[in-house]
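Q: Turn these sequences into a full structure, and let the hints steer you where they fit.
So the sequence lines, in the order shown, correspond to chains A and B. According to the UniProt record's numbering, the first sequence is numbered sequentially starting from 1. According to the UniProt record's numbering, the second sequence is numbered sequentially starting from 1.
Calculated from the structure, these hints are not laboratory results. Since the structure is predicted, the reported quantities are computational estimates derived from the model, not experimental observations. Heads up, a few of these hints could be off.
Copies of the same chain look alike in the list, so a pair counts if it fits in one copy or across any two.
To be verified - Below, in silico cross-link-like pairs of lysine-lysine (BS3-like), each with a Cα-Cα straight-line distance of 27 Å or less:
no.	residue 1	residue 2
1	K179	K41
2	K179	K281
3	K41	K281
4	K92	K41
5	K92	K435
6	K436	K92
7	K228	K344
8	K436	K164
2 protein chains.
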Amino acid sequence: MSSGYMILSAFFFNPQGDHRMSWRYPEAPTTEIFDLSFYQKLATAAEDARLDAIFIADHVAIWDILPSGLAHFANPRLEPITLLSALSAVTKNIGLISTISSSYWEPYNVARQVASLDHLSSGRASWNLVTSAMPEEAMNFGRDGNAEHATRYQRAHEFISIVKRLWDSWEDGSMLFDKASGDFADVEKVHSLKFEGEHFKVRGPLNVPRPPQGHPVVVQAGSSDDGKNFATQHADLHFAILKSKEEGAAYRADIDRRLAARGRAPESFKVLPGILPVVAKSRSEALERQAFLETYIPDRMQLDLLSSWSGVDLSGYSPDDQMPKLPDDATYNGGRTALDRVRKMAETGATIREIATTLANTGAVPTIAGTAIEVADQLEEWFVSGAADGFNLMFPLLPGDWLTFCREVVPELQRRGLFRTEYEAGTFRDRLRLKKPANLFDSSDK
Amino acid sequence: MSSGYMILSAFFFNPQGDHRMSWRYPEAPTTEIFDLSFYQKLATAAEDARLDAIFIADHVAIWDILPSGLAHFANPRLEPITLLSALSAVTKNIGLISTISSSYWEPYNVARQVASLDHLSSGRASWNLVTSAMPEEAMNFGRDGNAEHATRYQRAHEFISIVKRLWDSWEDGSMLFDKASGDFADVEKVHSLKFEGEHFKVRGPLNVPRPPQGHPVVVQAGSSDDGKNFATQHADLHFAILKSKEEGAAYRADIDRRLAARGRAPESFKVLPGILPVVAKSRSEALERQAFLETYIPDRMQLDLLSSWSGVDLSGYSPDDQMPKLPDDATYNGGRTALDRVRKMAETGATIREIATTLANTGAVPTIAGTAIEVADQLEEWFVSGAADGFNLMFPLLPGDWLTFCREVVPELQRRGLFRTEYEAGTFRDRLRLKKPANLFDSSDK
Numbered sequence: 001m002s003s004g005y006m007i008l009s010a011f012f013f014n015p016q017g018d019h020r021m022s023w024r025y026p027e028a029p030t031t032e033i034f035d036l037s038f039y040q041k042l043a044t045a046a047e048d049a050r051l052d053a054i055f056i057a058d059h060v061a062i063w064d065i066l067p068s069g070l071a072h073f074a075n076p077r078l079e080p081i082t083l084l085s086a087l088s089a090v091t092k093n094i095g096l097i098s099t100i101s102s103s104y105w106e107p108y109n110v111a112r113q114v115a116s117l118d119h120l121s122s123g124r125a126s127w128n129l130v131t132s133a134m135p136e137e138a139m140n141f142g143r144d145g146n147a148e149h150a151t152r153y154q155r156a157h158e159f160i161s162i163v164k165r166l167w168d169s170w171e172d173g174s175m176l177f178d179k180a181s182g183d184f185a186d187v188e189k190v191h192s193l194k195f196e197g198e199h200f201k202v203r204g205p206l207n208v209p210r211p212p213q214g215h216p217v218v219v220q221a222g223s224s225d226d227g228k229n230f231a232t233q234h235a236d237l238h239f240a241i242l243k244s245k246e247e248g249a250a251y252r253a254d255i256d257r258r259l260a261a262r263g264r265a266p267e268s269f270k271v272l273p274g275i276l277p278v279v280a281k282s283r284s285e286a287l288e289r290q291a292f293l294e295t296y297i298p299d300r301m302q303l304d305l306l307s308s309w310s311g312v313d314l315s316g317y318s319p320d321d322q323m324p325k326l327p328d329d330a331t332y333n334g335g336r337t338a339l340d341r342v343r344k345m346a347e348t349g350a351t352i353r354e355i356a357t358t359l360a361n362t363g364a365v366p367t368i369a370g371t372a373i374e375v376a377d378q379l380e381e382w383f384v385s386g387a388a389d390g391f392n393l394m395f396p397l398l399p400g401d402w403l404t405f406c407r408e409v410v411p412e413l414q415r416r417g418l419f420r421t422e423y424e425a426g427t428f429r430d431r432l433r434l435k436k437p438a439n440l441f442d443s444s445d446k
Numbered sequence: 001m002s003s004g005y006m007i008l009s010a011f012f013f014n015p016q017g018d019h020r021m022s023w024r025y026p027e028a029p030t031t032e033i034f035d036l037s038f039y040q041k042l043a044t045a046a047e048d049a050r051l052d053a054i055f056i057a058d059h060v061a062i063w064d065i066l067p068s069g070l071a072h073f074a075n076p077r078l079e080p081i082t083l084l085s086a087l088s089a090v091t092k093n094i095g096l097i098s099t100i101s102s103s104y105w106e107p108y109n110v111a112r113q114v115a116s117l118d119h120l121s122s123g124r125a126s127w128n129l130v131t132s133a134m135p136e137e138a139m140n141f142g143r144d145g146n147a148e149h150a151t152r153y154q155r156a157h158e159f160i161s162i163v164k165r166l167w168d169s170w171e172d173g174s175m176l177f178d179k180a181s182g183d184f185a186d187v188e189k190v191h192s193l194k195f196e197g198e199h200f201k202v203r204g205p206l207n208v209p210r211p212p213q214g215h216p217v218v219v220q221a222g223s224s225d226d227g228k229n230f231a232t233q234h235a236d237l238h239f240a241i242l243k244s245k246e247e248g249a250a251y252r253a254d255i256d257r258r259l260a261a262r263g264r265a266p267e268s269f270k271v272l273p274g275i276l277p278v279v280a281k282s283r284s285e286a287l288e289r290q291a292f293l294e295t296y297i298p299d300r301m302q303l304d305l306l307s308s309w310s311g312v313d314l315s316g317y318s319p320d321d322q323m324p325k326l327p328d329d330a331t332y333n334g335g336r337t338a339l340d341r342v343r344k345m346a347e348t349g350a351t352i353r354e355i356a357t358t359l360a361n362t363g364a365v366p367t368i369a370g371t372a373i374e375v376a377d378q379l380e381e382w383f384v385s386g387a388a389d390g391f392n393l394m395f396p397l398l399p400g401d402w403l404t405f406c407r408e409v410v411p412e413l414q415r416r417g418l419f420r421t422e423y424e425a426g427t428f429r430d431r432l433r434l435k436k437p438a439n440l441f442d443s444s445d446k
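A: Structural data, given as structure tokens:
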């Protein structure tokens, strides 16, 4: 069991909820998803429940390569940095995790915005670093397709190395504010990077002081081998896709080996599996509602989704056909995890419809369904077994499932001593029991 | 006289005020410039006074090529988009003008963040488009120096053309939210750009719906010939540097000719000269305080500042020497306006110290000093003469001068019927009496 409380992060990509067609639910929000008040209500509920963080996923494109995407998917949404910055002004304690693509941003701009948000929020900013894999994203940034998987990670590696050094530009004590002498800065304590790599050349220093957290909490979600190596080298928090607590225990052991190879202690790295929490009057009612949501996915969209995950154009197939040959891992340029999931189901002889229906929600993320007590039971089991430091809560329907979880499941976890009843003092990093990093330019012992 | 009220925009780059050494003033803020509460207090005062906008200038670098910059200049600050997004949550009516460099951002990211801020603020976002001219900025983005002046404007031209089309991706009526049929979007009304230019290739559509203002208000400040052509083609609001109301009248006539050549009406383009408003018990007291601020600039910094504006290294000179030969306009790659100002003074035989002292504040922006009534008199004269649609208020000291202006000058302008006493309904664009642009992809008459 991890020391301290479980970590609870409330996640969304679609503001209607984490089911791809959640916008069709009768109570689903419509145009209010473009208003701050919708998110302020979610944030207030999360903060009243003492949750650790709000986690916003992101793509830098709409999903429209396949025609059904544009017609049926709720593509437009707000941009996470602006939204979380606005929320920073109307919240006090909750962490603010923003997804930003290392593929299509400049490190100097990312370092500034995340550092600035960390100041504005008194130490609550966090960056979920992603590499972009959708062809639609590449085409919004001057390319015909994305860089290949390994290159994306090489770029991400340079990117995060630069950003951390930019955050460290201004050492503690570097700002003198000496009004009498006119010396604003101790020039010995302000650092240029003079970084020159394969992908970037950045001089620095950053024009924002060192963030209150030192380094805002870095989140990384890739679960390929490259992804796990990257995460255990650079990240603090890891969003994982795990089917069971047994898989979680094995995953944690693998992560700990990778951490040890980097000289990192296990407690410096928190693993949060994604779950779909569904609370209802009974487990069967909860599962029924989930099954009902699947009926919202038009056939054409099921085929298109599966085409997108497998890299194979299925538009000429019937949903009752079996999957054609899948691309090789070695040459495949999309997300590996999705392809693996398709491959495993295809090998069992499942039809296209069966695979699509199974994966069409959020794929392999387990549904944790039942009464509030049953959901709390399952979270406790995962947590106590050491398979998870907490959970990334991917609510199928917003705002309903989010509000219900806060109102019904959190008090039950608090009663069991598994979750905080008041926010601890300090920053987001402090509340996650992660150490403030030393300054990479620290000259104090010179 | 422009129809309607004068436009008042409260500006800052240094959060300590618009004098370069304002941080040395005894009442100047220190580390509180990194806290939201400092800006919230300014924003609240501005909104209580019914000002049109908060305008934040920006550079994507610290100013440190010259050694005295790093030691003496208050370089670290917050990033404008995150700061204005936070302020959007704690204000209701004021416009939020963020500077963003077209030289070192990607159009898709800028379009998203500004559109998202426009939604979050219910139509109050505005983008001050700048091209970056400092070598320190270039070196944070993989270059050894900035692109030359003309290339920067060519890139900016493509940039704004792309951003406006991205804002228009989702036509009115394109989002159906048809829960029964599963049709989220009318695909005929969602538009890709497929833009391919010399600097950018961007497909679109944007993943944010059309902003409430249609196009968030575009601000442009360049007063070179390229700058004025660019502004009259693309911008709504123009920040100008004008020494007198006579110069303002001539400038306006020149602008109107350029607008006419584009088929634009004069009222579609607002000109705001920058001024330094200083309110005191008397005009002489106000001017004395301004003169006193100049004593804060160390000799070494005066030389360095002038080196930076002229493109000539003056470190081997005495402040009492005359200026050496200046670079030619044709080959000069920095800001033209600053070089022109230096040239004009140098031609009078002024010494380096005299030029530096004169230009060291904000250069050619006029100081409007006196009692609140005297300051209001001067603003009225400029405005009534037609030389200005309003003013960009560059307060020498923050928060003091900002709060004093709101408390003392604005009520005087309101008494004279020159300024609103209540916010008009609508968006920032509406309050500026600027029309909502038609959608560039409008298919309604097809």
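Q: Determine for every hint whether it applies to the structure shown.
A: Going through the hints against the structure:
1. K179 / K41: So K179 and K41 pass the 27 Å test across copies only (23 Å; inside, 44 Å).
2. K179 / K281: between (65 Å within a copy, 26 Å between copies)
3. K41 / K281: Only inside one copy: K41 and K281 sit 24 Å apart there, 48 Å across copies, limit 27 Å.
4. K92 / K41: both (14 Å within a copy, 18 Å between copies)
5. K92 / K435: Answer is within; shortest intra-copy Cα gap is 21 Å, inter-copy 39 Å.
6. K436 / K92: Answer is within; shortest intra-copy Cα gap is 20 Å, inter-copy 37 Å.
7. K228 / K344: The answer is within: 21 Å in one copy meets 27 Å, while 61 Å across copies does not.
8. K436 / K164: within (13 Å within a copy, 42 Å between copies)
Checked against the numbered hints above, the structure violates none of them.
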